[in-house]
Every structure is written in structure tokens, then in C-alpha cells.
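K.L.:
Residue numbers (the numbering used here), protein chains in the order written: chain D, 1 to 294; chain E, 1 to 546; chain U, 1 to 549; chain Z, 1 to 314.
It should be emphasised that the hints constitute simulated quantities derived from the structure, not laboratory data. Some hints could be false.
Unchecked claim - Not the full set, but computed from the structure, chain E residues with beta-carbon under 10 Å of chain Z:
| # | residue |
| --- | --- |
| 1 | P136 |
| 2 | I209 |
| 3 | L255 |
What the hints assert, rightly or not - Residues on chain D that point at chain U, a partial pick, calculated with CB under 8 Å:
| # | residue |
| --- | --- |
| 4 | G159 |
| 5 | R187 |
| 6 | S189 |
| 7 | D190 |
| 8 | E193 |
| 9 | G197 |
| 10 | N213 |
Source: prediction; values computed, not measured. Note that CB positions come from ideal geometry on N, CA and C, so glycine has one too.
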Amino acid sequence: MTTFDTIHDDPIASRHGQRAGRRFSLPQFIRRLPMGLALSWLVLAIAFLWAVAPWLFTSYNPLEGVGGEQLRRPDASHLLGTDALGRDLYARIVYGAVHSLTGAFVAVALGLVVGTSIGVIAGSVRRRVDDAIMRLVDVLLSIPPLMLSLSIIILLGFGTVNAAIAVGVTSVARFARLSRSEVVRVRRSDYVEAAFGSGGTFAAVLWRHVLPNSLTSVLAIAALQFGSAVLQISTLGFLGYGAPPPTPEWGLLIAEGRNYISTAWWLTTAPGVIVVLVVLAANRVSQSFGKVAA
Amino acid sequence: MTTKLKRLALTLATLTASGLFLPGAFAEGAGDPVKGGTLIYLEQQAHTNLYPPAGGFYPNGGILNQITDKLTYQNPKTLEIEPWIAESWTVNADATEYTFKIRPGVTFSDGTPLDAAAVAKNYDVFGLGNKALKQPVSEVINNYERSEVADSQTVKFYFKKPSPGFLQGTSVIGSGLVAASTLALPFEQLGDATKIIGSGPFVVDSETIGKELNLKAREEYAWGPAKLDHQGRAHLDGIKYIITGEDSVRIGALLAGQADFIRQVQAYDEKQVEAQDYQIYAPSTRGVNNSVVFRPDNPLVADVRVRRALLHATDAKEIVTTLFSANYPQATSIIASTALGYRDISAKLAFDPEKAKALLDEAGWTVGANGLRQKDGKELVLTAYESLPQPQNKETLQLVAQQWGKLGVKLTVLAGDSGSRIVDDLDPLKTPVSPAMVGRADPDVIKSQYYPKNRDVLRQKGGQSDKVQSFADDKLNGLLEALTSEPDREKRFAIAGEVQDYVVDQAYAIPIFEEPQAFAGAPYVQGIAFEAVGRPSFYSTWLADH
Amino acid sequence: MSGSNVPHPPVLEVENLSIAYHDGTAHRGVVHEISFRIDPGEVVALVGESGSGKTTTAQSIIGLLHANGRIDGGSIRLNGTDISRWSDRQLDAVRGAKISLIPQDPASSLNPVKTIGAQVGEILRIHGVASGRDLEAQVISLLERVGLSEPALRARQYPHELSGGMRQRVLIAIAVALKPQLIIADEPTSALDVTVQKRILDLIDELRTEYGTSVLLVTHDLGVAADRADRLVVLQGGRVQETGATKVVLAAPRSAYTRQLIADAPSFSAVVRKAPGTARAVPAASDNDVVIVDGLVQDFVRMDGNGKSFRAVDDLSFRVRRGTTHAIVGESGSGKTTTIRAIVGFQKPTAGRIEIDGTDLSELRGETLRQFRRKIQLVYQNPYGSLDPRQTVFDIVSEPLLNFGRLARPARDEKVRAILSRVGLPEAALDRRPHALSGGQRQRVAIARALVLDPDVVVLDEAVSALDVTVQARILDLLDELQRDLGLTYLFVSHDLAVVRQISDTVSVLKDGRLVDGGSVEDVFERPGSDYTRELINAIPGQKRAALV
Amino acid sequence: MSGYLLNRLGQALFVLWAAFTISFVLLQAMPGDAILIKFQNPELGLNPQQIAEIRASYAADSAIWVQYIQTIGRFLTGNFGYSVQVGVPVSTMLAAHLPATLKLASLGFLLAAVLAVVIAFLSSLTPFAWLRGAIQSVPSLFISIPTFWLGIMLIQIFSFRLKLVPVINPGPWQELILPVITLAVPISAPLAQVLVRNIDDVLTRPFVAVARAKGATRHWVLLRHVAKNALLPTLTIAGVLFGELIAGAVVTETVFGLNGIGGLTGRAVGSQDAAVLQAIVVLSALAFVTINLIVDLLFPVLDPRLRTKAGATA
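With the hints as extra help, turn the sequences into a complete structure.
P.N.:
Here it is as C-alpha cells:
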């Protein structure tokens with residue numbers, strides 16, 4: 001089609017009507033109730049503060065319990081009760097933030113950097129190399145991700161960072177596929193051709209145009225992946241591959257607290273709710289990012 | 001805890017401690033045994049291998065104890081050895097020759113007779129192993145030489161050296177008798193329960209590997225231990241073992257009425273079980289106590305003063321009161337107070353942080369800037385892997401770590417995968433500290449635990465690990481050898497006491513508590529019995545109306 | 001055909017209609033108190049450029065405003081009844097039966113996964129007019145009526161198996177199925193080739209006459225409106241600028257805006273931008289030819305994997321003299337885009353020779369090809385897609401200079417500013433991003449980017465097609481000016497013969513990859529050498545007006 | 001077409017081989033091995049020499065490349081070897097564990113699809129913006145809950161507190177109720193999100209306006225025009241979801257004590273049962289390539305645009 005585009009549509013209708021009308025009814029919802037987004041940011045901000053300055057939030061020692069104080073119900077002195085060793089659960093959650101958040105961050109960063117590099121290379125090079133790389137990505141996808149994670153943990157040894165690496169590896173394929181398709185999409189655009197047409201070298205065009213324009217949606221996915229990484233690390237804890245004690249990593253708290261579910265429900269419920277809140281907040285914020293980018 | 005509960009728990013503790021778990025002990029007032037019904041038994045882990053000497057692993061033993069009979073029966077109350085498949089026996093003076101008279105008319109479930117030849121065949125395998133079939137030697141049999149079938153009902157065993165523990169050894173789960181067809185299978189095929197042919201009151205009916213095992217009662221069974229009240233076939237029609245790994249699911253299912261009997265009840269769940277009038281069973285394992293042992297080959301713990309300091313820095317009482325219940329008595333020796341040959345050496349185990357500090361100072365370990373003890377530029381940082389089968393071991397080790405931390409000693413607790421754990425556990429440099437326990441109602445158990453050719457918990461040179469540089473304690477090994485070959489009972493017990501003193505004097509081990517096997521059962525489950533080290537026997541069990 | 005003094009009440013009467021879009025707290029009025037009416041059997045054209053509110057008005061009449069659009073005031077009376085406040089449920093009975101729609105883009109206006117027959121039959125089924133065999137028969141007769149060959153086969157086919165023109169016929173069949181009183185034709189031919197456009201408009205006229213239906217023709221193209229409408233409603237910025245009988249408005253426009261529109265519409269334009277006497281003669285081969293295309297053949301391997309190739313361009317030759325404008329004209333699929341992509345070096349020709357300013361393209365590879373790009377620059381059709389949305393105008397225009405990196409930063413800045421002011425962009429635009437610019441401004445940026453390297457040849461690929469007429473006229477003025485000042489050579493690709501006639505010196509007419517006509521613009525337009533060229537010229541809309549004036 | 005199929009088969013074989021090789025290398029690199037884990041057991045009292053002998057008897061002492069060749073050879077003849085840990089042939093184990101997982105995974109996927117469709121359609125049909133926002137937040141909530149935690153909670157609430165479904169000794173279908181819900185919840189979330197996005201996307205397309213202009217109601221348009229167009233692209237994430245399904249199955253089966261491949265995987269990793277793990281990897285890679293192949297072959301059947309090549313002109 002070489003004739004008219006849809007530019008003759010009324011611009012306001014096309015710019016606002018279509019987007020706000022149906023496609024983004026959720027943000028519309030948030031905009032009408034900006035509390036949702038504000039709350040999400042608040043949750044993330046608190047989690048971040050917990051990670052950098054946990055001592056501001058609690059005076060209890062998260063690692064050392066008090067004999068005789070074990071398995072206390074939540075009350076005024078122990079907001080969320082205590083665990084089997086008499087350690088304050090709230091303090092453990094606060095001090096655990098740094099482990100969980102760095103874990104998730106490392107996992108996402110690994111998937112993002114490695115996966116995106118693979119995807120960008122695949123999307124930029126000639127078809128044959130692209131095919132070969134994408135077959136390898138297929139291979140990565142075809143191995144059950146959990147098995148891959150467990151194998152990597154066994155190889156690297158237990159620990160927050162190693163668990164994060166194990167989780168991150170499983171998202172490499174996903175990031176690779178996404179970034180490749182984005183790169184391919186961007187490469188087909190007129191402005192990339194125009195950049196070549198105005199004498200751009202391959203590297204220059206890749207750096208100036210292809211990368212910045214293809215990474216937007218990759219970054220939106222990265223924010224989503226952040227929440228998912230917290231969950232995956234916690235699943236590893238459940239399967240007995242979590243960080244070594246007494247690390248108060250959130251996933252581990254949920255996983256270990258589950259044994260007390262009928263006697264001390266707060267041990268698994270409190271960290272569970274925290275994780276749900278943080279993941280929800282991360283999702284909500286990532287959606288709002290996606291909107292801005294779109 | 002309400003006073004009522006406290007009293008109940010106390011009673012239970014006394015019962016456990018005095019080994020009062022007799023068949024029918026809880027049947028009081030419940031009327032006559034009811035025949036029939038299937039017991040639903042929730043097991044934490046799947047069985048791994050049903051080669052009888054592998055019965056020390058609780059899931060294995062819990063099955064083997066129902067489907068196999070033993071030559072002798074150890075009375076859990078008196079710990080005396082009583083007749084079972086063997087009607088009578090004689091032992092020569094230096095315990096190198098044992099002669100057993102076999103009860104006539106006993107058959108395996110495949111119809112083959114359990115006679116002297118069958119018994120001889122079993123013990124030849126247990127005592128010598130079978131390389132071709134990869135069947136290993138049983139740890140309860142020491143110095144075995146050969147068997148001799150005198151006649152169809154008489155079998156005689158010869159030993160290279162005195163083997164006084166052998167008689168008790170014939171009563172343990174690891175000595176369950178199986179048919180020739182089972183012994184002919186290579187070791188790896190013995191994971192299949194349907195291939196295990198025994199003579200016990202139950203036979204394997206069907207199995208879903210890793211999930212479920214169904215036993216059914218053997219109608220013609222008529223050769224239970226002679227001194228039991230209950231004779232003839234089992235009361236139950238069958239037992240359904242269901243593997244349920246989640247602690248919360250096992251306990252929840254029991255209390256919700258979906259299961260009748262469960263193994264591995266954690267101390268923190270005891271209260272809610274009792275609150276609903278369900279029964280906690282915590283038979284003692286009567287063996288080496290739940291302890292923390294050192295690997296002196298590691299230079300950090302090579303100095304006895306360091307080990308002794310850590311022993312005095314460990315507050316076993318705090319651990320027991322924080323994490324456990326009255327069913328878990330604080331240790332007073334390296335073996336349980338209900339074990340044979342026990343000697344109370346609690347005075348040597350006292351919690352004394354001041355003494356600990358002094359010992360460390362004396363050994364040259366001074367507190368550095370970061371609060372950790374150091375010497376010659378090295379910090380006193382130790383590592384231990386948690387042991388999954390031991391109750392709340394991760395929590396126990398964390399408490400130990402807390403206690404040692406107050407002295408400036410760091411204990412890192414690892415929860416590794418099985419591969420790393422096993423590989424690292426063989427290397428004293430990587431795991432200078434390790435949790436340890438083993439159950440068996442004979443002083444031989446101490447040798448099982450410490451002897452380099454057996455479990456070798458201290459990791460001596462020439463033992464299980466080729467990573468050990470130099471450590472070996474000949475005095476300890478000599479004592480252990482004497483312990484297993486001293487035919488005289490009193491002298492044996494004296495040696496056992498000496499070993500206990502020696503191990504604690506050397507501070508090779510820090511005993512913490514006497515480990516029971518904790519089970520829970522619905523109120524209508526009657527007649528639960530346990531063999532001497534806490535594996536359940538469902539032979540006399542019955543289900544009251546409910 | 002005029003219905004000005006018919007006693008019947010009007011089919012549609014729009015009075016003081018105001019519509020606004022609400023976006024959260026934002027509120028933007030797009031239609032302000034407009035009024036017009038449509039009498040039975042009448043064609044009324046709603047004419048306006050982007051942002052005029054014409055599509056919004058049309059959507060409001062059929063009750064399909066976007067979710068955030070709201071009628072703030074006024075009335076829409078259908079046969080005297082105000083339907084502007086009706087619920088969806090009430091409107092469902094009106095839509096399709098009394099008012100129907102011919103949409104703008106036939107390519108996306110049919111459900112790709114349903115057969116043609118099902119989609120035509122659907123309207124009959126919804127309104128309970130027919131079912132079963134009867135329905136099938138009606139569908140086939142409808143398809144036949146709109147001029148589709150083999151209607152029974154078409155009914156079983158899926159949209160992608162039909163050409164754009166055929167699909168628009170299917171949509172017309174749907175629109176007329178229930179013989180509605182009013183058909184809203186929203187830019188019904190904008191997405192079609194000129195020859196197809198004419199046939200479709202003829203069909204709508206024919207059916208309208210036959211059924212006595214009124215038509216609201218929404219269009220940006222004054223030529224189309226002039227040819228087809230009884231009355232015009234000229235909209236600008238959501239307000240009615242002028243309304244009246246077509247011939248009156250065209251002959252004597254009252255508003256300045258209408259006058260501007262008429263002046264800028266190429267199809268009406270008597271203006272020939274070329275100064276007389278410049279290269280009007282058929283160019284013979286000369287040393288001054290800056291572009292030489294000789295026997296160009298371009299084959300493509302089909303992507304469906306059977307390995308067969310198809311020939312997009314077949315033995316094409318032409319020459320362009322320095323400083324002139326050469327137009328390449330053709331409809332979609334004629335191979336014009338393929339040709340210019342080979343000329344600018346984006347794809348290697350299968351056969352033939354291309355020479356730009358003495359350089360044979362076939363010898364260029366890698367770095368030599370990159371260096372060659374300074375000689376020839378391409379301006380794309382779509383200024384929305386050809387500018388990186390993340391770059392500022394300054395980045396975009398300075399990038400080619402960076403690529404050849406000879407200039408120091410201050411010199412570069414100066415050059416960028418100079419070229420931007422040359423193309424008529426304000427200084428303030430320098431650090432804006434494309435989305436903050438209007439369509440015309442964007443195309444100016446694209447032109448600036450092309451010119452910043454001082455190329456000899458600029459290839460303009462439908463470079464003004466996507467723009468509003470008034471904007472288009474300004475860009476054409478600019479191009480003309482630049483050519484005169486800088487001595488540029490243009491290769492001008494277009495489907496719009498009216499524009500081509502205005503600005504070109506020479507022309508090549510392509511059909512199915514072959515050259516069917518070529519030579520000077522005058523020759524080709526006055527004495528077309530092929531039937532096809534004649535057909536193209538006849539299809540240029542606005543000729544009725546030419547006859548009128 | 002046959003050329004295409006051959007090409008795809010070649011790719012599938014490559015993926016299988018590579019997955020096999022990668023897992024082989026990973027398993028070899030792990031500390032310890034199945035034999036050590038099983039036999040370095042204090043209950044067995046084996047000394048290092050005996051363990052070495054056992055290793056020799058499993059032929060696990062030969063050079064790695066020899067083992068690699070041998071294992072590939074065995075796999076090619078359909079012999080998956082023996083599980084060191086359990087002591088039964090791997091093929092027997094797979095046969096015993098596969099049915100439960102197939103049932104769980106297919107029902108879980110089905111329920112997830114139903115949940116996703118319900119969420120997506122409810123959100124586009126609801127007339128209130130706040131309700132739509134709430135419904136569209138459900139998938140976010142679903143993916144924020146750890147699967148194992150959900151399973152344990154479901155058991156506690158529905159089995160132990162409300163006593164609606166037994167988890168111990170349940171009937172053949174009863175035993176699937178809670179696990180299927182547990183598995184379906186996290187799987188339904190991405191499906192629902194993609195579906196909501198697709199529906200919103202399709203709703204903006206001109207043919208929807210055309211259908212509305214015919215007088216079709218919102219429901220009519222949603223069911224007859226939007227549904228199929230929105231569902232089709234959802235198929236493309238089937239391959240990705242497969243991985244999640246397996247991961248979910250491991251956790252679900254572990255929580256509920258189901259006897260499936262997932263639980264088996266968990267245990268086999270724990271005991272480094274190489275033969276079992278290799279077989280599972282090959283099996284799941286096979287399932288992965290098959291699912292993707294089926295999806296690719298199914299597309300032309302479901303989408304007429306891919307069925308026939310470009311048709312008539314003008």
C-alpha cells in the first residue's frame with residue numbers, strides 16, 4: 001500500500017480515544033484512582049528502605065532469638081510474632097528484604113543482560129547465524145526450567161546470589177526471544193533503513209537506533225520478571241535449595257514457615273503477604289512504565 | 001501448656017524413658033481387639049531399599065518390620081532377648097560360636113520353608129556380603145566367619161573373633177529374614193517392595209513407587225514372638241503406607257481424620273495433637289544421642305581445648321526447651337539413658353561459658369576486632385551441614401551457632417544438596433563439625449558410630465574418607481574393638497562406660513538430646529508397639545470403632 | 001440531483017452538535033456546534049483535513065464514538081427523531097438497517113478469519129431478515145450486485161484472498177444489504193488505487209440511485225467531493241466553514257479556508273510549478289544524465305518456500321538529466337518502490353545497470369557503498385515511521401554528518417541549523433522529538449536529513465501522499481524552491497497523477513513491473529501512449545469541477 | 001510442505017540432542033553422583049573400595065566421553081537404563097509416573113484456559129471501569145502467589161478445615177481437584193493477560209466497528225468476531241507455558257504427594273539420579289518440540305490467512 005495512511009483520522013480520537021478507550025482501561029482505572037499506583041510505589045519504597053536501612057524499622061536482632069520467646073503470637077511487642085527460635089518475624093522480614101531484593105535483582109539483571117545480548121545479536125546478524133542462535137535458545141527453553149535451576153544451584157552451591165543466578169538463567173531464553181523479535185521489528189522500520197541510507201555503519205545504527213528502540217518493551221518485561229524472580233527463589237527454598245540459615249530471605253521464610261501452618265500460621269502467612277504485595281506493586285509499576293513507553 | 005497437658009507430657013516422658021511401650025500398652029479400657037480394617041500410615045519419605053541390613057533408615061525399617069521376622073525378639077521393656085524364629089540358642093564362652101534351634105513350620109510368603117538352611121543363607125549374605133550382587137555387609141554383624149547347617153532346624157554360626165553383640169544383632173531390623181529368591185536379586189533391584197519375600201505377619205500387596213505401598217495380613221501367620229500375648233494372624237487386614245513429605249499435610253490429615261497413624265511429628269505439633277486427644281508416641285531410639293561431632297583432622301578443631309570449650313559453650317538445655325518437648329530428654333552421655341551400657345556423665349557436659357572462654361584463651365584463640373576468635377591470622381569459623389532426617393536439625397544447629405557466636409566462634413550452617421553434602425562431609429577441612437546420631441539397643445552402636453570402618457563420624461585416617469590427612473585415635477579404636485568382642489556382659493558395659501568417658505573427655509562429640517522417633521496416632525488406633533529402637537510394629541495393632 | 005427544495009423531511013438533521021473526548025480529567029472539544037442536513041437521495045460530502053472533526057462527526061451519527069467520546073450538546077435527528085442520546089440497545093436496531101457504514105480501509109475492515117459469505121450474511125441474520133438457504137441466495141445476489149465475479153466462490157473465500165477493490169465491494173454489499181436510508185461512506189476510497197477508486201465511487205453512485213439512499217461522504221479529497229456530492233460541508237477545526245451546493249461552493253467559495261483548499265488541491269490546480277522552458281523537451285541521452293537505469297530486472301524469491309521467484313521489475317530503462325524532476329508513476333504492485341530501492345542501493349538488482357553520477361552501483365560494496373550514499377538520498381512516504389521516535393530533530397538531522405564525520409562540532413551545529421531553517425523549521429524545533437511535530441513538520445525534518453549531506457539526487461517515495469492537501473502544497477513549494485536553489489535532481493515516486501503533472505519534467509509510467517509509457521510530462525499527459533495511461537488520467541478526481549469552472 | 005516438515009524435524013532432533021548433551025554435562029559436573037549419594041550411606045557401612053567396586057559395576061567409572069557415547073547409544077535403542085536410587089528400570093518409572101502428570105497437566109492447562117477466558121471476557125464485557133480494573137488485576141494477583149504456598153493453603157482450608165476434599169487416599173478424580181486448581185492458577189495468569197491484551201487489541205480493529213455498524217450487539221461482536229481473533233495469537237505462548245507447566249507440576253506434585261514426573265524430577269535431582277534425569281530431559285524436550293510443531297501445524301488450520309497463498313488480484 002503506497003497511498004494514504006490512516007493519518008486522516010481525527011488525531012485526537014486516534015491519539016487518545018483508541019488508547020484510553022479500550023486498550024488501557026486498567027491505567028484509566030489507576031488514573032481515576034491514582035491511589036493504586038501511589039500505593040504500589042509506597043510498597044516498593046518501603047521494601048527498598050528495608051533493604052538499605054533495616055535498623056531504622058526494628059530494634060530486634062533478626063538472627064538471634066530469645067530463648068523462651070519462641071512461637072509467640074503477633075502482639076504489641078512482636079508485631080508479626082516470633083519463630084521457632086524466638087526470633088522476631090517482623091525483624092526477619094525487614095532484614096530479609098536486602099537478600100530477596102538483591103536476589104531478584106541479580107536474577108533479572110542476568111536474564112536481561114545475557115538474554116538481551118543473545119537476542120540482539122541474533123536479531124542483527126545474518127539469517128543463518130540467527131537461526132543457529134535461536135535453536136540454542138529453543139534448547140534452553142526445552143529443558144524444564146526448574147530442573148535447570150536446581151542443577152545450577154547444585155553446581156554453584158547454595159546461597160542467595162547463586163539461587164539468583166540459577167533463576168536468572170531460566171529467563172535468558174525468554175529475554176532472548178523477546179529482544180530478538182523487537183530488534184527484528186525495529187530493523188524493519190523505515191528509520192533504521194533511513195539511518196543506513198544516510199551512511200550509517202552497522203554498529204552506529206545498532207547503537208543509535210536499534211538498541212534504544214527495541215529495549216523499551218524488554219525493560220517492561222524485566223520489571224515483571226522481578227516479581228517472578230522473588231517467587232522462583234522462594235520455590236527453590238521450598239524444594240530445599242534456598243539460602244543457608246539463618247539468612248532471613250523472604251522465600252525461605254515462607255517455605256520454612258509452612259511447617260508451622262497449623263500451629264503458628266503467621267510464620268508463613270506474613271512473609272507470603274509481603275511477597276504478594278511487593279510482586280503486585282512491581283507489576284503495577286511495570287504496567288505504568290509500559291504505558292509511558294507506549 | 002495447661003497443667004493437664006503438662007501432666008500428660010510428663011507421664012509420656014516417663015513411659016518413654018522407662019521403655020514401657022508394650023504391645024497393648026494403650027489398649028487399656030478399649031475393650032477386646034477388633035479384627036479387620038486397614039491402617040492408613042503416613043510416612044515422610046519413600047523407602048529406598050529393602051535389603052534388610054538397610055533397615056536402619058526409618059522408612060525402610062518401618063516396612064521391613066512388618067514383612068520380615070527375626071531370629072530373636074528384643075523385649076522393648078527389658079531389652080532382654082527372647083525367642084522368635086529361633087526357639088532357643090546357645091553361645092560358647094568366648095562368643096565365637098552361636099547355635100540356633102529354628103521353630104518348625106515357618107514359611108516365607110512364597111511358600112518356601114524358613115528352615116536352618118534359609119537362615120544360614122541369610123546370615124552368610126548379611127555377614128559377608130555378596131560382591132556379585134552388590135549386597136553389602138550388615139553393620140550389626142561383626143567378625144562373622146561362616147555358617148553351618150546342622151540339621152533342618154539347627155544352624156550354627158562361627159566368628160573369627162568374639163562377637164558378643166551378635167545375639168542382639170539377630171533381633172534388629174537389619175537381620176530380617178528373607179526368602180532365597182529375594183537374596184538372589186542384585187542390590188539395586190531390592191528397591192521394589194513386591195520382590196521382598198519375608199515370613200512376617202504382613203506381605204506386600206502392591207506398590208506405587210514413591211507414593212504408596214499396600215500390605216495385607218498373612219492369614220496363616222502363626223509364629224509371632226513367643227512371649228507376646230497376641231498370637232496368630234495380625235488384627236489388621238492391611239496397612240496402607242502413603243508417602244506424604246509435607247509435615248503440615250501429615251499432621252493435618254491425621255487430625256482431619258484422613259489418616260490413622262503418622263511418623264515424624266515435630267515437637268511443636270505435639271500440643272495440637274494432644275489437644276484433640278490424639279496420641280503422641282515417642283519411643284526412644286536407645287542409641288547414640290543426637291550430637292554434634294568434630295572432625296579433629298581439621299586443624300581448627302584439632303586442639304582438645306577448642307573442642308572442650310565448644311562443648312561447654314553449648315547449652316543443651318536451652319536447645320531442648322526452645323525447640324523440643326519432654327519427649328526429647330536432654331543428653332546425659334553420648335548414648336541414651338535407656339541404652340544398654342549407659343553411664344551418666346552429665347557432670348562433664350555442664351554448660352559453662354566462662355570455662356569455655358578460658359579454654360579458648362588458653363588455646364591461643366583471642367577475640368579479634370570483628371568479634372571473632374582468631375589465632376595466627378586464622379579465624380575460628382566452622383561449617384556444618386544440616387542433617388535432614390534429624391528432627392529440627394537446622395534449627396538446632398542455628399541455636400548452637402548462636403551459642404557459640406557469643407564466644408566469638410562462627411558456625412556456618414549449610415543446607416546443601418545431597419551430592420555436595422556427601423562429598424563435603426567426607427572432607428574434614430570442609431565440614432569440621434557435623435550433626436550425628438544412630439539408634440540401636442546394644443553397646444555395639446557406639447562402635448557403629450565411631451569406628452573408622454563403620455560410620456566413622458570423626459573421620460579417621462583409613463576410614464570412610466581418603467581426604468583425611470593424619471587424624472586417628474588408636475586408643476578409641478582399641479576401646480571400640482574391645483567393646484564389640486568382649487564376651488562378658490559386665491566387662492562389656494564397663495568398656496562402654498569407658499568409651500563414653502573417653503569421647504567426652506576428648507570432646508569428640510557434644511551430645512544434645514536423646515532422640516525419640518515421634519509418631520502420632522488417632523485415638524481409636526490401639527495396640528501400637530515399637531521394636532527396641534522405635535520402629536513401629538503393627539502386628540498387634542487394631543482399630544477400635546470410630 | 002439537488003434536493004434543496006424537496007418537500008420531504010430530511011433523512012438526517014444534525015443541529016448544533018458538539019463532541020468532546022474525555023481522558024481522565026482532560027477534556028478536549030473536537031466538534032463545535034456543527035449543523036447540517038441530508039435530504040432523501042442526496043449525497044452530502046463532509047470535507048476537511050486531519051483534525052477537522054469529520055470522522056468524529058460520522059462516528060457519532062452511527063453511534064460508534066470511541067469509549068471516551070461524548071456528545072456534549074446538540075441533536076442528531078434521524079427522520080425527525082433525535083437519536084443522539086439513545087442507548088446502545090436502541091441504536092442496534094438502527095445500525096445496519098437504517099444507517100450503514102462503508103469504512104475507510106478495506107484491508108482491515110473485514111474479519112480475517114470469517115468467510116465473505118458469513119460476513120455479508122451476518123447483517124441479514126442480525127436483523128432477522130433471512131436465514132438458511134434464503135440467506136445464502138441473498139448473499140450471492142448481493143455479491144453479484146456489487147460487481148463481484150463468481151459470487152458463489154467469493155462467498156466461500158476469506159478476505160485475504162480478495163484484492164483491496166474486491167473487499168471494498170464486499171463492504172459495500174454489506175452496507176446496502178438492508179437498503180438503508182443513509183450510508184456513511186468514511187473515506188471509502190482513500191486506501192485504493194486511483195483506477196479502483198473511480199470504479200468504487202461509480203458503484204456507490206449507481207446503488208444510491210437505484211435504492212434512493214442518501215449518502216454522507218466523508219473525505220479529505222476535494223476532488224472526490226466535487227465529483228460526487230450534491231452539497232458540501234467544509235469542516236475545519238471542528239467548525240463548519242462553509243456549506244452549500246457543490247457547484248456554488250466550488251465556483252464561489254465564501255470562506256478563506258475553502259479558497260485555500262481549492263487552491264492547494266492538485267487536481268484543481270492549473271498551476272504548473274515548473275518554470276516554463278526548463279527541460280520540457282524529451283531528454284535525449286546526454287552527458288548531463290545523473291541517473292541512468294538500463295534494463296533493470298528485479299526478481300524476488302517467494303517466501304512460501306516453493307522456490308519460485310516473481311518478477312517485480314522487468315527490463316526497465318530511463319534516464320534523468322541533472323537538475324530535473326523525473327516521476328515514476330504506477331499503482332500498487334507496479335514495481336515503483338522496488339525500482340527506487342535498487343536505485344538508492346538497498347537491494348541488488350537481478351540484472352541491468354544503474355549508474356548514479358557516473359558511479360555504477362553494481363561495483364559498490366561495504367565502505368564504497370556507504371560513501372556512495374552521500375550522492376543520493378531517500379525521503380520516505382511516512383514521516384511517522386522514518387524518524388526515530390527517540391531522537392530529537394537535531395540528532396536526526398546531524399546524524400548523517402556524524403556518519404561521515406568530517407565536520408567539527410560547531411560547524412556541524414551550524415550546518416544543521418542552516419538546513420533546518422532552509423526547510424522552514426523554527427529554531428525551537430531543534431530539541432523536539434518527532435511526536436511533538438505535525439505531519440508536515442516531520443516531512444520537513446526528513447527532507448532536511450536528506451539534504452544535509454548535499455546529495456546530487458533526492459528520491460522522494462510518495463513523500464507528500466500522506467499529507468493534507470494544504471500541507472502537501474507547502475511541501476511541494478519547498479521542494480520546488482530547493483531544486484531551483486540547489487540544483488537538485490528529484491526522482492519523484494507517486495500514484496497521484498495530479499501532483500506529478502504539477503512538478504515533474506519527465507515521467508515513467510509503470511504497470512506490473514513494466515514501463516508502459518514515458519517521456520516528458522506534457523507528452524504523456526496530452527498524448528498518452530497507452531490505454532493504461534489514459535485510464536489513469538481519466539481516473540483523476542476533480543475533473544467534474546474542471547468542467548464546471 | 002514436506003520440505004518444511006523435514007526441516008522442522010531436523011530442528012527438533014537438534015533440540016533433543018542438545019538438551020540431552022547439556023543435561024549430561026550438567027549432571028557430570030555436579031559434586032558427587034547418584035552412587036555416592038545412595039551408597040555413602042552410614043546405614044550401609046560401605047568402605048570407599050566397596051563403593052568404587054559398585055561404581056565399576058554400574059560402568060560409571062569409565063571415561064566421560066565413553067559414558068556419553070554409551071548413554072546416547074542406549075537412548076537411541078529406547079533403553080533408558082536403571083535408576084540407581086530406586087533400583088528399577090527408568091522406563092518402568094516413567095510409565096508409572098507419566099499418567100498422573102499427563103492428567104494433572106492437561107486438566108490444569110484446561111482449567112487455566114477456562115479461567116483465562118472467563119477473566120478476559122468478563123473484563124471486556126463489564127460496563128463499569130472500576131470492575132474492569134478489578135478483574136484485570138486478578139492475573140497480577142495470581143502470579144504473585146507462590147505455588148507451593150497456594151497448594152498448602154488449599155489443603156489446609158478445603159481439606160483439613162472444611163473437610164471438603166480428602167488429600168489422603170482420595171478417589172482417582174478427587175485427588176486431582178486441589179492440585180489442578182493449584183497448577184492452573186499461576187498458568188492462567190499469563191494466558192489471561194495475553195488474552196485481555198489481544199481482545200483489547202482486536203476491539204480497536206476496523207472490522208469490529210463494521211460489525212457494530214451492522215447492528216451487532218457487544219456480546220455478538222465479542223463472541224463471533226473478537227474471540228477467535230484474540231485466541232489465535234495466544235497459541236504462540238503455548239511453548240513457553242509448557243515450561244511453566246512442568247515447573248508447576250514439580251511443586252504441585254511435591255505438595256500433594258502425587259506420583260508424577262514432576263515429583264520424580266524433584267526427587268531425582270536430590271539424588272542426582274542421572275539416568276532418570278536424562279530421560280526426563282529428553283522426554284520434556286520431546287514434548288516441547290512436539291507442542292511447538294503441533295502449534296505451528298495447527299495455525300494454518302485455524303487461521304485461513306495461513307492456509308492459502310495470496311489469491312486474486314484486483
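K.L.:
Against this structure, judge whether each hint is valid.
P.N.:
Cross-check of the supplied hints:
Proximity of P136 of chain E to chain Z holds as hinted, the smallest CB-CB distance being about 5 Å (cut-off 10 Å). This hint holds: I209 of chain E has a C-beta 6 Å from the nearest C-beta of chain Z, less than the 10 Å allowed. Hint status for L255 of chain E relative to chain Z: holds, with the closest Cβ pair at about 7 Å, below 10 Å. For G159 of chain D, the interface hint is violated, since its Cβ never comes within 8 Å of a Cβ in chain U; the closest pair sits about 39 Å apart.
With a cut of 8 Å, the hint placing R187 of chain D at the interface with chain U is violated, because the nearest CB-to-CB distance is about 12 Å. Hint status for S189 of chain D: holds, given a least beta-carbon distance of 6 Å to chain U, under 8 Å. For D190 of chain D, the suggested interface contact is upheld, since its CB lies about 4 Å from the closest CB of chain U, less than 8 Å. Interface restraint check: E193 of chain D against chain U, minimum CB-CB distance 7 Å, threshold 8 Å, status holds.
Hint status for G197 of chain D relative to chain U: holds, with the closest Cβ pair at about 5 Å, below 8 Å. Hint on N213 of chain D holds. Least Cβ distance to chain U is approximately 6 Å, under the 8 Å limit.
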